[in-house]
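Trainee: Take these sequences, add in the hints, and give me the full structure.
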Amino acid sequence: MTGHDFPDALKQLLDEFSRSGIRELHIRKPDFELYLSTDASAARPQAATPVAAPASVPVAQPAAPSRPIAAPPALISSLPDDAIIIKAPNLGTFYRAPKPGAANYVEVGSKVQAGDELCLIEVMKLFTAVRAGSSGTVQAVLVEDGAMVEGGQPLFALVRD
Amino acid sequence: MPIKRLFVANRGEIALRIVRAAQALNIETVVAVSDADRDSAAARLADRSIVLGPAAAAKSYLDPRLIVHAAKESGCDGLHPGYGFLSERAILPRLCAQHGIAFVGPEPDVIDALGDKLRARAMAGAAGVPLVPGSECVASAADARREGDRIGYPVLLKASAGGGGRGMVIANNGDEAEAGFHKASAEAVAAFGDGTLFMERFVPEARHVEVQLMGDGKGQVLHFGERDCSVQRRYQKLIEEAPCAAMPDHLRRQLHESAVALAASVNYRNAGTAEFLFDVQRQEFYFIEVNARIQVEHPVSEAITGFDLVQEQIRIAGGAGLSVSQQDVKISGHAIECRINAEDAARDFLPSPGRITRWEPPQGPGIRLDSHMSAGAMIPPFYDSMVGKLIVHGSDRADAIARLGDAIDHFVVEGVPTTLPLHRAIIAHPDFIENRIHTRWLEQVLLPDYGKKAA
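Protein sequence lines, in the order shown, are assigned to chains A and B.
Here the first sequence is numbered in numbering that gives the first Met the number 0, starting from 0 and rising by one per residue.
Here the second sequence is numbered in numbering that gives the first Met the number 0, starting from 0 and rising by one per residue.
To be clear, the hints were calculated from the coordinates, so they are not data collected in a lab.
By construction, the Cβ of each residue, glycine as well, lies at the ideal position given by its N, Cα and C atoms.
Wrong hints could be hidden among the right ones.
[What the hints assert, rightly or not] Pairwise CB distance ranges (calculated):
| id | chain 1 | residue 1 | chain 2 | residue 2 | range |
| --- | --- | --- | --- | --- | --- |
| 1 | B | 353 | A | 127 | 55 to 61 Å |
| 2 | A | 80 | B | 43 | 29 to 35 Å |
| 3 | B | 3 | A | 128 | 33 to 39 Å |
[What the hints assert, rightly or not] List of simulated lysine-lysine pairs, DSS-like, C-alpha gap at most 25 Å:
| id | chain 1 | residue 1 | chain 2 | residue 2 |
| --- | --- | --- | --- | --- |
| 4 | B | 58 | A | 124 |
| 5 | B | 58 | A | 86 |
| 6 | B | 3 | B | 217 |
| 7 | B | 182 | B | 116 |
| 8 | A | 110 | A | 86 |
[To be verified] Computed footprint of chain A on chain B; a stretch qualifies when at least three of its residues, placed anywhere within it, have a C-beta under 8 Å from a C-beta of chain A:
| id | stretch |
| --- | --- |
| 9 | 72-78 |
| 10 | 135-145 |
Mentor: And the structure:
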C-alpha cells in the first residue's frame, strides 16, 4: 500500500474484509498500521492508529410501521473518531428496557462497564442481551425502542473514559 | 387471499428466480440475506433486503425463528423457502401459520411424513406406487443378513432419516450386509442423530427419473412431465433433462399416474417432485422419495411445458387453484440443464469461491440462464458452490445437445474454475449422445478418463 493508491486500496480492503466474515485483521508496517474488527467493542492494539474507526455512523429513524416496505432511512450524525459502535449480533426487535415499563438499561451519558447489559434483541419471544465489550460512556442510542434491527446494525455509540 | 408481499428465505440463483416470479405477479418482495450476501443480485432487485445475521448459515438462513420474525416485522404475508436450507423443515410452515404468513409449499404434516423415508415408502405403497423390493426397519446386523438374503444381492442399506447419500452402504453378500449395517448405522447417527436403517434391492445400472407435480391441497394434482437426472456424482445431480428419452411411452404414462396418485393421496399442496429409479434392464420403475419443494432442475420442465412453476407456486400459496388442467400441459421438444458449480473438476471438485472477473453468458433462441452472477460478483465460501444453471431447449434430444454444446462454447467465465468444461466433455461423450448412461456412469466411465486428461 503506497500513499498514492491508499484510498482505493483501503476501500477495497474494507470491502473485502466486510464480505469475508473474518472477525479481525491487523496489519503493521514501519510507516503504517491498520486494525479492523467486526466487534465494535474490541480492544484496539496498543500502538494502533485506528484508521478504520468510522467518522460518522448511520443513525436510525424512529421505528417505521410494518406497512411501508422501505427500511427506515439512515441519518448521518457526527460522532467522535474513537467512538465504539455496538452492533446488533443478528436481526430482531430492539428493546432498551428489561421489561415493559421498567427503566432503560442505559441512557445517553450512562457510564457502563465491560459486560454490562445495554439492550435486548428479541426473536420470536427469545430475548438475548447485548453487552458492552469495554467500559465507557454512552454517547448515542442509535435505534428507537421497539424497532426491528438488522444483523450488524449499529445500536449504541460509546466513548472510552 | 393473494400474497401482496413475499419474503424470500433463500439466496443465490433461486432467490433471484423467486423475486422475478413475484415481480411478474406484481407482488412486492423482501429478500433476507446474511452479512455475506448484502450485495447479492436478489437483494439488489428486491424491493427490500434485510440482513438476518452473520455469514454462517446456522445464524442466518438456517434459523427459522429469525426468518419468520423478519418476515413478520417487514410486513410480509407470504414466504417462499426456495430449495435447500429450511425448505423441507416443517417448523418453517408451522411458524408461518402461527403468524398469519402463507407458506409457499406443502402442509407441515405432509413435509414431516414425506421427510421420513419409511413413512413415505408406506404412503407410496398404499397409493399403489411400485416400490423397490426391500425391507422394513432393520434392527441388527443379523437382521440385515437375513433381509439381504431374502431381497437378493446387491442390496443398499439406507438411513431412514437420510439424504444426500450419507448413511448409505452397498452390500454384495451376507457378510457385507452385516458389516454395512454397522457402518451405515454409525454414519446415520453421526449425520442425522437417528441410526434407523432399512434395505432395498440395489439396481447397479439405474436411471434417476422424477415427476414434477403441482397440487392444489384439495386432492387435485397435475404433473408437468418427467425429468431424467442420471448424470450424478456422489448422488448430486449435474445434468438434468426433460423428458426422459430412454423411457417408453407406456411406462411414462404409468410413472406419471403413480406420482399423481401418491401426491393426491395426501392432498398435496404446491410444488413437489416424486423421484424414481428406472431399471432399464427390467423395464421397471421404483419409488425413491418425494421432495416437498421446488427443485433446482425445475427449469427443464418449464422449458418443455411452457409453464412458470414458481409463479404457479406463489399463486397457489395465495389461495388460488391450479391455473390449468392436465390436458393443457403439453410436452414440446427436449430440454437439458447443466449446473454450473464453482468447482475444479480436475482437482476432485474442489470448491473454488472467489471473485468472477469475466462473465459473458451465451445468448440465442432456446437458451436460458438462471444465475445470480455477473462480472465482479463474489462467490462467498460459506454456501454451496452453484453459480448458475444453463438450460437449453431444442426440438429433440440431439438438437438440445447441439445447442448446449454451442452455448457452453460461447460461455466465458473467468476468475474461478467452473464445471462448464466438464459439462462440455459429458455431452460430447458417445454414451451421453447415445443415451446409454446411468446414475453411476459419470463416476465409473467418464471421470476416471477426465482426470487423466486434465492431469
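Trainee: All hints are to be evaluated individually against the structure, with a verdict given for each.
Mentor: Verification of the supplied hints:
1. B:353 with A:127: 55 to 61 Å: Given about 34 Å between the Cβ atoms, the range is violated.
2. A:80 with B:43: 29 to 35 Å: At 32 Å between Cβs, range holds.
3. B:3 with A:128: 33 to 39 Å: For residue 128 of chain A against residue 3 of chain B, whose Cβ atoms are near 35 Å apart, the range 33 to 39 Å holds.
4. B:58 with A:124: Roughly 17 Å between the alpha carbons, so the hint for residue 58 of chain B and residue 124 of chain A holds.
5. B:58 with A:86: With a Cα-Cα distance of about 15 Å, the restraint between residue 58 of chain B and residue 86 of chain A holds, given a limit of 25 Å.
6. B:3 with B:217: At roughly 23 Å apart (the allowed maximum being 25 Å), residue 217 of chain B and residue 3 of chain B satisfy the hint.
7. B:182 with B:116: It holds: about 19 Å lies between the C-alpha atoms, which stays within 25 Å.
8. A:110 with A:86: Since the Cα atoms of residue 110 of chain A and residue 86 of chain A sit roughly 18 Å apart, the hinted pair holds (cutoff 25 Å).
9. 72-78: holds (count 3)
10. 135-145: Coverage by chain A is violated for the stretch 135-145 of chain B (0 residues, Cβ < 8 Å).
Consistency note: the structure conflicts with the earlier hints numbered 1, 10.
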